[in-house]
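Protein chains: 2
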Amino acid sequence: MRFHAPAAERTDDVVELPHDEARHLIRVLRLKVGATIRVFNGRGSEFDAVVAAVSKDGARIRIGAGRDTVPEACVLVTLAQAVLKGDKMDDVVRDAVMMGVAAIQPLVATRSEVALAALERGHRWERWQRIAVSSAKQCGRAVVPAVLEPRTFKDLSVSLAEMTLSGPGLMFVEPSASTDALSIGDLDEASPRETTVLIGPEGGWAAEEIEGGATACRLVTLGARTLRADAMALVVLTALFTRWREL
Amino acid sequence: MRFHAPAAERTDDVVELPHDEARHLIRVLRLKVGATIRVFNGRGSEFDAVVAAVSKDGARIRIGAGRDTVPEACVLVTLAQAVLKGDKMDDVVRDAVMMGVAAIQPLVATRSEVALAALERGHRWERWQRIAVSSAKQCGRAVVPAVLEPRTFKDLSVSLAEMTLSGPGLMFVEPSASTDALSIGDLDEASPRETTVLIGPEGGWAAEEIEGGATACRLVTLGARTLRADAMALVVLTALFTRWREL
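Quick note, the sequences are listed as chains A and B, same order. Just so we're aligned, residue 1 is where the first sequence starts under this note's numbering, counting upward by one. Just so we're aligned, residue 1 is where the second sequence starts under this note's numbering, counting upward by one.
It should be emphasised that the hints constitute simulated quantities derived from the structure, not laboratory data. Don't take each hint at face value.
Stated by the list, open to error - Below are the EDC-like pairs computed for lysine to aspartate or glutamate, each with C-alpha atoms no more than 20 Å apart in a straight line:
id : chain 1 : residue 1 : chain 2 : residue 2
1  : A       : 56        : A       : 68
2  : A       : 88        : B       : 90
3  : B       : 85        : B       : 113
4  : B       : 88        : A       : 20
5  : A       : 137       : B       : 90
6  : B       : 137       : B       : 46
7  : B       : 88        : B       : 113
8  : B       : 137       : A       : 90
9  : B       : 137       : A       : 202
10 : B       : 88        : A       : 202
11 : A       : 137       : A       : 211
12 : A       : 154       : A       : 113
Every value quoted in this text rests on a predicted model; they were computed, and no experiment measured them.
Construct the complete structure from the given sequences, taking the supplied hints into account.
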């Protein structure tokens, strides 16, 4: 069983497990002092560890030898995903972490049926961060991708120009939205070092969003298929990683 | 609104809608005689149509002009998917239809935690057929892929040799299962005319299944990633269609 131990840095350190992880170790798995476990720190390192102390409130572990980790993708992808209806965004975060993104930027787009204030009231950002941890645990990654603070598309577009420093972003659009859109097969086979991938909400991007995005991004389309909005991220990430020989 | 009208063949025919579709037309959308709708027959044709008669029990429509349809994939993929736990197979059927498979073959593998008899008692086959229709409606396809009668992997493997007539099947395995497994990037870029794609259950294929499959299939792996069993079909189909330039 792998536990998330953000404080794990060096062999022989004794560190506290986060509350949720300690609870799982003590209450669910009923592990005792001396039990051996595996931990990952969410920044790419993984270690053997031994339970050093348990109490009602927490668990301390002693970090053992470093272990090999599952290799990360060579290309650092930030998924900038427009917030979807209901709890569909939860699945998108889970899937994106599983496929190997470096970070997730939730966006409030013109046609997202939710406002930043509502996300905040619903503690959605915190929820997505917890889902990222739990997905990293399940899929064996030693990295927990950052879930960035939700922002509006308008706010992001101010910094879109910065993206061009590390190569253009890739904005996914309906084929009807632009006659200039590339297909996956048109993209360079050599992967960029990093990129931002923009995926719209259920109703698609507004015309002015595409216009704004096109100044710093390549417009890309998946062809005539109509895909569910909550499946787009998984399909897009798989297609890009296939193109870039990461799969 | 598109309705599924399997009896629609020729312009000017008057045909009955299936019970579920008629119910939706009458009770939910409250359409009357004379209303214009769009219908697809599930075998690749789509038409304008006019509601000709409604009663308590059904609806008859007059078929109008044929319409252009969303292009189908050039490669005919049969997804042979080992039955998953709970209702996860429902999502796999929905996703596979959306991505453009030609047919779905549910398999009971050694590690599927369900028997053929239980599938039958639960009317799961009928359920998956209904899901295929509803997914085709949602994603705009004019073809409803056949959901074939569930069979055991052992039973399928008898006919695996037949597959080789149309090119080898592709059996997806864990990287640890075989040192000979290809990656997606090793597959020929030219798509076959048709192929069968085999995906295992949560616990993976049994050793003897891989041995049997390897006689008629290429073994393929997605690399070090650990993917959720219910996301495998979507990821595998996307990766193959990207490789074959169908996306």
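We went through each hint and held it up to the structure:
A distance of roughly 32 Å separates the Cα atoms of residue 56 of chain A and residue 68 of chain A; the hinted pair therefore is violated under the 20 Å criterion. With a C-alpha separation of about 17 Å, the suggested pairing of residue 88 of chain A with residue 90 of chain B holds against the 20 Å cut-off. A C-alpha spacing of about 7 Å is found between residue 85 of chain B and residue 113 of chain B, which places the hinted pair at or below 20 Å, so the restraint holds. In summary, the hint linking residue 88 of chain B to residue 20 of chain A is not supported, as the alpha carbons are separated by about 27 Å, beyond the 20 Å threshold.
Between residue 137 of chain A and residue 90 of chain B, the direct Cα distance comes to roughly 25 Å. Violation of the 20 Å bound is thereby established for this hinted pair. About 11 Å separates the Cα atoms of residue 137 of chain B and residue 46 of chain B, which keeps this hinted pair within 20 Å; it holds. Between residue 88 of chain B and residue 113 of chain B the CA atoms are separated by roughly 12 Å; this keeps the pair inside 20 Å, and the hint holds. This hinted pair does not check out: residue 137 of chain B and residue 90 of chain A have alpha carbons roughly 25 Å apart, beyond 20 Å.
With a C-alpha separation of about 17 Å, the suggested pair residue 137 of chain B and residue 202 of chain A falls inside the 20 Å cut-off, and the hint holds. For a cut-off of 20 Å, the pair hint linking residue 88 of chain B to residue 202 of chain A is broken: about 23 Å separates their Cα positions. Under the criterion of a C-alpha separation no larger than 20 Å, the hint pairing residue 137 of chain A with residue 211 of chain A is inconsistent with the structure, at around 39 Å. For the hint pairing residue 154 of chain A with residue 113 of chain A, the CA-to-CA distance comes to about 15 Å; that is within 20 Å, so the pair holds.
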